[in-house]
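K.L.:
Please model the entire structure based on the sequences and the hints provided.
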Amino acid sequence: MRVITLNVNGLRSAARKGLFEWLSEQNADVVCLQETKAQEHQLSNVCFRPGEYYCRYLDATKKGYSGVAMYARKRPDKVIEGLGSKEFDPEARYLEMRFGRLSVASLYLPSGSSSEIRQAAKFRFMGEFLPNLKKLRRSRREYIICGDWNIAHKNIDLKNWRGNQKNSGFLPEERAWLDVVFGQLGWVDAYRHLYPNTEGESYTWWSNRGQAWATNVGWRIDYQVVTPGLKERIKQASIYKEQRFSDHAPLTIDYDYDL
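Sequential numbering from 154 applies to the sequence shown in my numbering.
Derived from the structure by calculation, the hints contain no laboratory data. Yeah, the Cβ is synthetic: ideal placement off N, Cα and C, and Gly gets one too. Careful, some of the hints might be misleading.
[Stated by the list, open to error] Within a straight-line C-alpha distance of at most 25 Å, the following computed SDA-like cross-link-like pairs (lysine to any residue) qualify:
1. K231 / P381
2. K384 / S360
3. K239 / G280
4. K319 / A329
5. K388 / R155
6. K307 / V370
7. K319 / S360
[As the list claims (entries may be wrong)] Estimated spans, in silico, between C-beta atoms of each pair:
8. E234 / R386: 23 to 33 Å
9. G237 / R315: 35 to 45 Å
10. E281 / G217: 17 to 27 Å
11. N313 / R291: 36 to 46 Å
12. N180 / K319: 15 to 25 Å
13. K239 / S292: 17 to 27 Å
14. K216 / G237: 22 to 32 Å
15. E269 / Q396: 29 to 39 Å
16. K319 / G204: 39 to 49 Å
17. R254 / R202: 25 to 35 Å
18. R169 / R254: 31 to 41 Å
P.N.:
Rendered as structure tokens:
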């Protein structure tokens, strides 16, 4: 089973940059997209409904904002929209598809970089999401939670870690939260499980400011986070950087699991 995740930073923009041509060649079983920034009625072009996939879009109430989507080669048994959050479900940040005992989800965790107000919102989301992660771990299901988690976990996960310790995405509180997710709760960072020591080639996001892309001043903030039962089924992972569909790069992971 091949799973791809990508923050498209505007799905229509990514489409113009060749995203769907690239996807058609990837043989993915599930595709998770974040920050679609579109209402579904704005996605009438046939490219947004790849024929080989069951497609589902979850739009934010606010136009041109947030939004997640998923494409699956197999029709899911059930689709879950949102997390039951009064504050964050209108922002369309979580979409889950269930296939037998396996769930795959597309997650877009808030960014706090624009203001203190948004950082406070990010902390609130983290506070609400952690009990959900605990609940999912207690279930008998296997999970792959894909998406833009908007946090670099360790020093190895961004180029300029010394200068970013007071910046959103690498705050001590954010990193400690991931420590709980990967430590106390036992979730597994699929990419790091395979490649525990890679640095520059592991980045998935580059700022549009300056020469971040050209000089590879990047961050690894896009993850596929899985339940321990899938840990030994993670076979290979890659980050595609030959084309730029957005300020993020697609993360592809193959699992020894039949959808």
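K.L.:
Check the following: the C-beta atoms of E234 and R386 are separated by a distance inside 23 to 33 Å.
P.N.:
holds (27 Å)
K.L.:
Compare the distance between the alpha carbons of K307 and V370 with 25 Å, and conclude whether the hinted pair is satisfied.
P.N.:
Satisfied, since the Cα-Cα distance of roughly 15 Å is no more than 25 Å.
K.L.:
Could you grab the alpha-carbon distance between K319 and A329 and see if it respects the 25 Å cut-off?
P.N.:
holds (14 Å)
K.L.:
Could one say that the CB atoms of K319 and G204 fall in the range 39 to 49 Å?
P.N.:
For G204 against K319, whose Cβ atoms are near 48 Å apart, the range 39 to 49 Å holds.
K.L.:
Under the criterion that the straight-line Cα-Cα distance not exceed 25 Å, is the pair K388, R155 satisfied?
P.N.:
holds (10 Å)
K.L.:
Is the distance from the Cβ of N180 to the Cβ of K319 consistent with 15 to 25 Å?
P.N.:
Between N180 and K319, where Cβ atoms are some 42 Å apart, the hint is violated.
K.L.:
Does the Cβ pair E281, G217 satisfy 17 to 27 Å?
P.N.:
Holds, at about 24 Å.
K.L.:
Is the hinted pair K231 and P381 satisfied, with a Cα-Cα distance of at most 25 Å?
P.N.:
holds (22 Å)
K.L.:
Holds or violated: are the alpha carbons of K319 and S360 at most 25 Å from each other?
P.N.:
The hint holds at about 17 Å.
K.L.:
Assuming the hint says 22 to 32 Å, is it satisfied by the Cβ distance from K216 to G237 or not?
P.N.:
Check passed, 23 Å falls within 22 to 32 Å.
K.L.:
Against the 25 Å threshold, does the CA-CA distance of K239 and G280 hold or violate the hint?
P.N.:
Between K239 and G280 the Cα gap is close to 14 Å, so the pair holds against 25 Å.
K.L.:
Holds or violated: K384 with S360, Cα cutoff 25 Å?
P.N.:
violated (31 Å)
When each numbered hint is compared with the structure, violations occur for hints 2 and 12.
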